[in-house]
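Chain by chain, the residues:
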Amino acid sequence: MTVNVIAIESLTKRYPRVTALDRLTVGITPGVTGLVGANGAGKSTLIKILLGLSPATEGGATVLGMDVAREGSAIRERVGYMPEHDCLPPDVSATEFVVHMARMSGLPATSARERTADTLRHVGLYEERYRPMGGYSTGMKQRVKLAQALVHDPKLVLLDEPTNGLDPVGRDEMLALIRRVHTDFGISVLVTSHLLGELERTCDHVVVIDGGKLLRASSTADFTKSTPSLAVEVTDTDTHPNGTEALRSALVAAGLSAQAPGAAGAPGAGHLLMVDATDESAYDTIRDTVTELGLGLVRMEQRRHHIAEVFDTDEAAGTTAQAGGAPLAGAAAAAADRELQPQKGGSGDVA
Amino acid sequence: MSPEPHPTTSMSKTAPPAPPGQRGEDVIHNIGYRNYDGPRLGRGYARTSLFDQSLRGAYGLGRSAKSKVLPMILFAVMCVPAAIVVAVAIFTEAKQMPVDYNSYVLRMQPVIGIYIAAMAPQAVSLDLRFRVVPLYFSRPIERSDYVGAKYAALSAAIFIFTAASVVILYVGALLAKLDFGDQTKGFALGLACCAIFSLLHAGIGLAVAAATPRRGFGVAAIIAVLTIPYMLVGTVQGIAFSQDNTKIIGWLGLGSPGTLVDGLQSKFLDGQSDFPSGQALTSMQASLYVLLIVVLIAGTYGLLLRRYRKAGL
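Chains E and U supply the protein sequences, listed in that same order. Residue numbering for the first sequence follows this note's numbering, starting at 1 and increasing by one per position. Residue numbering for the second sequence follows this note's numbering, starting at 1 and increasing by one per position.
Check each hint, because a few of them may be wrong.
[Unchecked claim] For lysine-lysine, the following DSS-like pairs were computed, each having C-alpha atoms within a straight-line distance of at most 27 Å:
#1 U:K68 to U:K185
#2 U:K95 to E:K213
#3 U:K95 to U:K177
#4 U:K66 to E:K141
#5 U:K247 to E:K141
#6 E:K141 to E:K155
#7 E:K141 to U:K310
#8 U:K310 to U:K95
#9 U:K185 to U:K95
#10 U:K267 to U:K247
[What the hints assert, rightly or not] Quick partial rundown of chain E residues pointing at chain U, CB under 10 Å, derived from the structure:
#11 G72
#12 R76
#13 R78
#14 G80
#15 D91
#16 H100
#17 S111
#18 Q148
#19 D153
#20 R180
[Said to hold, decoys possible] Okay, the calculated bits of chain U under chain E, using three or more residues with CB under 8 Å as the criterion:
#21 194–207
#22 250–261
Since the hints were derived computationally from the structure, they do not count as laboratory data. Predicted model only: the values in this text are computed from it and were never measured. Just so it is clear, CB atoms sit at the ideal spot from N, CA and C, and this is done for glycine as well.
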């Protein structure tokens with residue numbers, strides 16, 4: 001196992017009236033880590049402490065091996081931060097702004113300009129980077145915010161709700177970009193969200209906190225099962241008025257496990273068939289079976305099991321089979337269920 | 001993660017295809033990410049960069065063309081009368097300058113006031129209003145670096161604004177072949193007067209601007225703070241003078257930043273105060289002037305530090 005980029009040791013933060021973090025202990029390894037929690041779960045407080053901007057009441061943490069209480073300035077030199085809220089002055093162009101922010105991170109003027117041009121291209125801003133940012137769309141603004149966090153080539157970036165306010169396409173693009181920050185740029189990422197579903201596509205690990213306590217921490221692969229599931233949709237023909245059912249029985253006969261998707265009632269769910277693809281040959285089997293039956297194959301796509309499903313199963317079975325190497329708080333499964341409706345914000349609000 | 005930079009060629013070969021869900025025009029051309037191995041100059045450099053950027057910003061440099069207009073016009077308004085004074089002095093072969101260095105600056109206070117009112121909010125309110133401040137504090141600098149850099153930048157901007165006309169007067173005086181020793185001494189004292197004026201007014205301007213995140217309010221509030229007490233003090237001094245109560249005039253001068261600097265320079269910097277009686281301050285009054293100026297500079301700096309304690313992330 002590689003060395004943790006962030007190590008949090010029984011970290012507690014109390015404000016006069018609320019406890020924002022309560023003896024939080026978790027280690028975060030290189031890669032993309034999702035930090036999930038309802039509004040007020042303590043995510044922003046945690047980021048503040050990790051940047052060395054707010055002292056912990058008890059306990060401590062190290063970021064990139066540096067202590068947050070004593071080496072805040074050195075940490076901030078090697079860490080990038082993208083805030084949740086708008087933070088761009090409207091009368092300046094993206095280039096000028098990011099160059100300035102690069103210099104504020106300690107880069108000499110020439111390097112700052114080079115790195116700005118590179119970074120803005122990597123996040124997907126081209127000609128518009130010379131225009132004042134006041135006229136940018138939300139998607140473009142988010143890209144500039146990401147660029148200013150990456151411009152000094154940090155070892156770790158903290159992204160606070162980077163998909164906030166984006167439309168579904170923008171959301172997908174941003175998530176893909178975040179994935180690339182790790183795979184292509186080699187920068188570890190800690191990304192917060194209150195949407196579990198969006199992180200499972202992006203993250204290697206997911207840390208769930210609620211009310212300042214650790215609820216669960218494990219790799220996404222442990223959350224979602226390793227065998228991929230295939231969603232298959234076929235047309236009906238005259239020979240097989242119910243093509244989906246015909247395919248299901250044929251596949252079961254061929255030794256594959258196929259069933260209608262769990263979420264019944266979803267649009268188009270009646271025509272979908274979930275097939276557990278145990279190995280590569282399953283793809284061929286499905287293709288051949290569809291051809292033999294003379295059906296039209298509308299789509300065949302990989303579906304992973306959702307993290308949320310795992311929570312559901314855990315709760316239903318009442319199992320304690322929690323996977324993952326990171327330390328786990330003995331969290332009640334009921335609390336996990338509450339996490340599934342994060343927008344309601346179960347815990348006391350923390351500024 | 002690999003610490004060595006990815007060579008461009010190998011990256012483009014091994015690069016994964018563009019992630020799904022991206023529209024054609026938004027596809028990111030992957031020519032490889034280059035790591036940065038160069039120097040990181042740290043906190044001191046960041047502070048200097050912020051000073052640099054703020055000082056340039058105070059003259060609209062590095063900002064849109066629109067934001068250059070006002071400071072440049074005001075700068076011209078500040079300098080042109082000095083040039084005229086110089087021209088008159090040279091052509092009439094005057095034995096001394098019609099106006100001395102300190103009083104030129106103090107007479108131009110309305111123009112300087114407008115400049116401060118326009119530039120102090122742009123130095124701090126923009127960052128507060130558009131919430132750029134958290135980005136600064138997520139970088140190596142600390143709160144005191146930010147406040148210090150902004151304070152120093154605005155002081156320097158006002159100093160340049162005022163000292164430029166002093167320089168014009170000095171060059172003119174030398175061209176008019178006035179006594180070099182006298183003029184140099186007056187010039188040096190004039191610069192000192194500009195420095196004190198700049199420090200005091202930058203502090204007041206920034207403190208007011210930081211307390212009013214809306215730029216428009218900030219402009220109005222600074223003009224009010226700088227001019228209303230100044231005019232009030234002038235009027236009351238005039239009344240006191242007309243009633244032959246000259247003793248009180250010096251004390252009244254404590255009431256506004258403009259008269260504070262005026263009184264101070266008349267006592268210590270060899271100048272003539274604009275006070276109606278024209279008499280110098282008593283040493284008791286003078287020490288109070290100094291004390292109040294120091295308190296104001298330190299106080300506004302302290303207020304700014306406090307303001308940014310809340311403005312963190």
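Measure nothing beyond the straight line between the CA atoms of K141 of chain E and K310 of chain U; if it is 27 Å or shorter, mark the hint as holding.
25 Å, holds
Distance restraint between K141 of chain E and K155 of chain E, which requires alpha-carbon spacing of 27 Å or less:
OK: K141 of chain E and K155 of chain E at ~23 Å, within 27 Å.
Status of the R76 of chain E interface restraint (C-beta, 10 Å, chain U)
5 Å, holds
Go through the hint on D91 of chain E and say holds or violated, using the shortest Cβ distance to chain U against 10 Å.
Since the shortest Cβ distance to chain U is 5 Å, the answer is holds.
27 Å Cα cutoff - pair K68 of chain U, K185 of chain U:
34 Å, violated
Should the hint that G80 of chain E touches chain U count as held when the rule is a Cβ pair under 10 Å?
Holds: closest Cβ of chain U sits about 8 Å from G80 of chain E, inside 10 Å.
How about S111 of chain E: closest beta carbon in chain U under 10 Å, or not?
5 Å, holds
Close enough to count: is the Cβ of D153 of chain E nearer than 10 Å to one in chain U?
4 Å, holds
Can you confirm whether the C-alpha distance between K247 of chain U and K141 of chain E stays at or below 27 Å?
62 Å, violated
How about the stretch 194–207 of chain U: do at least three of its residues have a C-beta closer than 8 Å to a C-beta of chain E?
Violated, because only 0 residues of the stretch 194–207 of chain U bring their Cβ atoms closer than 8 Å to Cβ atoms of chain E.
Given G72 of chain E as an interface hint, is the shortest Cβ-Cβ distance to chain U below 10 Å?
8 Å, holds
Does the alpha-carbon distance linking K66 of chain U and K141 of chain E stay inside the 27 Å limit?
Distance of about 23 Å is within 27 Å: holds.
The structure fails hints 1, 2, 5, 8, 21, 22 (numbered hints given earlier, in ascending order).
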